[in-house]
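Trainee: Got chain A sorted already, so can you dock chain B onto it with the hints?
Heads up: the sequence lines are chains A and B, in that order.
FYI, my numbering numbers position 104 of the first sequence as 123, with every residue one higher than the one before it.
FYI, my numbering numbers position 207 of the second sequence as 226, with every residue one higher than the one before it.
If you're looking for bench data, these hints aren't it; they were derived computationally from the structure.
Keep in mind it's a predicted model, so treat the numbers as computed, not measured.
Do not rely on the hints blindly, as some may be mistaken.
Heads up, simulated SDA-like pairs for lysine to any residue below, C-alpha to C-alpha not over 25 Å straight-line [stated by the list, open to error]: (1) Lys98(B) x Gln170(A); (2) Lys111(A) x Lys48(A); (3) Lys48(A) x Glu120(A); (4) Lys111(A) x Ser308(B); (5) Lys111(A) x Gly309(B); (6) Lys199(A) x Arg305(B); (7) Lys199(B) x Glu120(A); (8) Lys98(B) x Ala150(A); (9) Lys199(A) x Phe312(B); (10) Lys199(A) x Glu190(B); (11) Lys331(A) x Gly309(B); (12) Lys313(B) x Ser316(A); (13) Lys98(B) x Gly148(A).
Protein chains: 2
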Amino acid sequence: MDKWYVGVDIGGTTIKLGFVTEAGEIVTKWEIPTDTNNGGRNITIHIGQAIKSKCSELNESYDRLQAIGVGAPGFIEMKTGFIYQAVNIGWKDFALKDELEKETGLQVTVDNDANIAALGEMWKGAGDGAADLLCVTLGTGVGGGLVTNGQILHGVNGMAGEIGHLTSIPEGGAPCNCGKTGCLETIASATGIARLAKEAIDKNPQTTLANKAEVTSKEVFEAAAEGDEVALEVVDEVCFHLGLALANIANTVNPAKIVIGGGVSKAGDHLLNPLAREFNRFALGRVASGAEFKIASLGNDAGIIGGAWLAKQG
Amino acid sequence: MDKWYVGVDIGGTTIKLGFVTEAGEIVTKWEIPTDTNNGGRNITIHIGQAIKSKCSELNESYDRLQAIGVGAPGFIEMKTGFIYQAVNIGWKDFALKDELEKETGLQVTVDNDANIAALGEMWKGAGDGAADLLCVTLGTGVGGGLVTNGQILHGVNGMAGEIGHLTSIPEGGAPCNCGKTGCLETIASATGIARLAKEAIDKNPQTTLANKAEVTSKEVFEAAAEGDEVALEVVDEVCFHLGLALANIANTVNPAKIVIGGGVSKAGDHLLNPLAREFNRFALGRVASGAEFKIASLGNDAGIIGGAWLAKQG
Numbered sequence: 020m021d022k023w024y025v026g027v028d029i030g031g032t033t034i035k036l037g038f039v040t041e042a043g044e045i046v047t048k049w050e051i052p053t054d055t056n057n058g059g060r061n062i063t064i065h066i067g068q069a070i071k072s073k074c075s076e077l078n079e080s081y082d083r084l085q086a087i088g089v090g091a092p093g094f095i096e097m098k099t100g101f102i103y104q105a106v107n108i109g110w111k112d113f114a115l116k117d118e119l120e121k122e123t124g125l126q127v128t129v130d131n132d133a134n135i136a137a138l139g140e141m142w143k144g145a146g147d148g149a150a151d152l153l154c155v156t157l158g159t160g161v162g163g164g165l166v167t168n169g170q171i172l173h174g175v176n177g178m179a180g181e182i183g184h185l186t187s188i189p190e191g192g193a194p195c196n197c198g199k200t201g202c203l204e205t206i207a208s209a210t211g212i213a214r215l216a217k218e219a220i221d222k223n224p225q226t227t228l229a230n231k232a233e234v235t236s237k238e239v240f241e242a243a244a245e246g247d248e249v250a251l252e253v254v255d256e257v258c259f260h261l262g263l264a265l266a267n268i269a270n271t272v273n274p275a276k277i278v279i280g281g282g283v284s285k286a287g288d289h290l291l292n293p294l295a296r297e298f299n300r301f302a303l304g305r306v307a308s309g310a311e312f313k314i315a316s317l318g319n320d321a322g323i324i325g326g327a328w329l330a331k332q333g
Numbered sequence: 020m021d022k023w024y025v026g027v028d029i030g031g032t033t034i035k036l037g038f039v040t041e042a043g044e045i046v047t048k049w050e051i052p053t054d055t056n057n058g059g060r061n062i063t064i065h066i067g068q069a070i071k072s073k074c075s076e077l078n079e080s081y082d083r084l085q086a087i088g089v090g091a092p093g094f095i096e097m098k099t100g101f102i103y104q105a106v107n108i109g110w111k112d113f114a115l116k117d118e119l120e121k122e123t124g125l126q127v128t129v130d131n132d133a134n135i136a137a138l139g140e141m142w143k144g145a146g147d148g149a150a151d152l153l154c155v156t157l158g159t160g161v162g163g164g165l166v167t168n169g170q171i172l173h174g175v176n177g178m179a180g181e182i183g184h185l186t187s188i189p190e191g192g193a194p195c196n197c198g199k200t201g202c203l204e205t206i207a208s209a210t211g212i213a214r215l216a217k218e219a220i221d222k223n224p225q226t227t228l229a230n231k232a233e234v235t236s237k238e239v240f241e242a243a244a245e246g247d248e249v250a251l252e253v254v255d256e257v258c259f260h261l262g263l264a265l266a267n268i269a270n271t272v273n274p275a276k277i278v279i280g281g282g283v284s285k286a287g288d289h290l291l292n293p294l295a296r297e298f299n300r301f302a303l304g305r306v307a308s309g310a311e312f313k314i315a316s317l318g319n320d321a322g323i324i325g326g327a328w329l330a331k332q333g
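Isolated chain A (complex conformation):
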């Protein structure tokens, strides 16, 4: 009988769990609330209970579970699965791997949440098995996960893939949460796009965007699709900086796929078309021809599937 792997994606409000086959198919998935009380120390207990209950519910032997892969936010030492700090969860110096192994009796592997989402897309999503893959998440911030030679790239102290903090505007850019200015995140995140739109509306009150109660990234792409010139200029500015940054990354790591996820990616081709145009201006010919742009396809399941992949590697 095939073994199952457990993928766990720990977020600030909910924990997503799933049993996943060796082939990467989700057998069942469910969510439990994240209990941030008591410095997050109940979380591993709750995960252990949830996994056992689910086995009972499915009338499956607990032995069918082979290993657990967990994605967690915060600053993590991957080898030991030790969390130095995860502000949203309340963890500080928390031995996540050890605690969860104690609760479950299963081997646990831990990585950060952006990375396991990238692994999920690599295995079963838009990455389509590519061993060299860049995943970009355009949400409230801009995150990244890099897979090279089929493995997540962590770098010397777990900071690899922090592509939201590539500098797009070296002098006089907008302030970023990281303390620098002009980071890609200040331009290409949902927040950054809304900020650019507001600045554009102030200068061009004739735009259809001025009629919206609140201008989000979604409305900017919709207005651009309808031909609003001010919205089109915002989209061009975003895609110029994002395309340049991704081309520079691609000239460095030469990925087979560039998978774009997060809320902003829902714009689909309205984002991908101008983005690919700018990317192709700045990437070397062979690099550009080797790199395929895709919209992330797993949505909220990416973390569960990537966690299972991690568990499978052991």
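Mentor: Then chain B, alone, in the frame of chain A:
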């Protein structure tokens, strides 16, 4: 008795060879001319003869040699050691690995010359064993080699590390050999620095640089060290663009060491100090604190030692 590995670094005019111990010490090294006649088809024969002659000369058994690692220019398929094209050598569709294995009876591993130099610096040079390493060569062009998780990063079609073609000036930059404009190579190579110096002299004929018959990168750094303001401005401009590009790369791959080699690196601290200043402006704090700048220390031996490392990995 310890086995020896053979490192071979094939260039357009000479081939550097060395016997290297398991610990990475060069036992002996020598050079032979590169015979580019006959589409480069004599090269593997000459390498085979040179290795056998050297064993005789040293009164060593040929059995002492374990494997060969070769660095070659041009576009290479690493797995099969097949050279699609190497213009300087004359190779076109040349099965380098197979041919050299036939000549020597030893297992051969092939990679490109920039990459094996990076492996050499990682193993025995300024990289000091770092598993996450960026090597930058500032010579006629700007080259790069990336080591991640202790392995060379090739990317999907062998283009990883092409950092000379990161775009530093998106609009209106100088033309680059690659066909794009504003590449890092047009600014931070020896050629780029000389170009910037010439432009600065035209605008500021009072500079001491104006007295030189020919202005090279070396003279720019020397004049800057002596306080020439125009030379200092050129160095600042070079270090601004190079520091920004390296910070963006470091935010992406989070290296432990950034090793700078090539002719321009002879400026030593006159380059590293302003470079680190600009790098620290643009890199995330944790990324900057994780990354140490070093001048490459192996010089022309980097390829031989890196080749031996590659041979040792098999």
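Trainee: Now tell me, hint by hint, if it's right for this structure.
Mentor: Hints, verified against the model:
no. : hint                  : in the structure
1   : Lys98(B) x Gln170(A)  : holds, 18 Å
2   : Lys111(A) x Lys48(A)  : violated, 28 Å
3   : Lys48(A) x Glu120(A)  : holds, 20 Å
4   : Lys111(A) x Ser308(B) : holds, 22 Å
5   : Lys111(A) x Gly309(B) : holds, 22 Å
6   : Lys199(A) x Arg305(B) : holds, 13 Å
7   : Lys199(B) x Glu120(A) : violated, 53 Å
8   : Lys98(B) x Ala150(A)  : holds, 15 Å
9   : Lys199(A) x Phe312(B) : holds, 21 Å
10  : Lys199(A) x Glu190(B) : holds, 24 Å
11  : Lys331(A) x Gly309(B) : violated, 30 Å
12  : Lys313(B) x Ser316(A) : violated, 42 Å
13  : Lys98(B) x Gly148(A)  : holds, 19 Å
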